[in-house]
Amino acid sequence: MTTLQIRDVPTELSRRLKARAAASGQSLSQYALAQLERSVARPTIDELWQRIEAESTARRESYGAAELLRSERDARP
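Residue numbers for the sequence shown follow full-length UniProt numbering, beginning at 1 and rising by one.
None of these hints come from the bench; they were simulated from the model. Idealized CB from N, CA, C, for every residue including glycine. Hints may be right or wrong, so weigh each one.
Across the chosen pairs, the derived CB separations fall in these ranges [said to hold, decoys possible]:
| id | residue 1 | residue 2 | range |
| --- | --- | --- | --- |
| 1 | R15 | R38 | 14 to 22 Å |
| 2 | A54 | E12 | 54 to 62 Å |
| 3 | V40 | L13 | 33 to 41 Å |
| 4 | L68 | S29 | 52 to 60 Å |
| 5 | L48 | S24 | 24 to 32 Å |
| 6 | R38 | S14 | 13 to 21 Å |
| 7 | L33 | T11 | 20 to 28 Å |
Mimicking SDA-like on lysine to any residue, the simulated pairs with C-alpha atoms at most 20 Å apart in a straight line are [said to hold, decoys possible]:
| id | residue 1 | residue 2 |
| --- | --- | --- |
| 8 | K18 | Q35 |
| 9 | K18 | I6 |
| 10 | K18 | Q5 |
| 11 | K18 | A32 |
| 12 | K18 | E37 |
| 13 | K18 | S39 |
| 14 | K18 | P43 |
| 15 | K18 | S29 |
Given the sequences, and given the hints that come with them, work out the whole structure.
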């Protein structure tokens, strides 16, 4: 495991973090680690856009308009 040190934490932020850690029955380190894990578990806007673009590109490649029209015409009686 790696050690992470954060310097110059504002006093009010430190106080609030300690209070929340105590309220959840965790040490400050445990609480901060859990918050960091939650933060990186959520995708960023850029990551979401990359996923959307990748999915839409895959769909365009898999289902071209001409292919869809052809399959619809072929399915008609």
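Indices of hints not satisfied (ascending) | The structure conflicts with hints 2, 3, 14, although it agrees with all the remaining ones.
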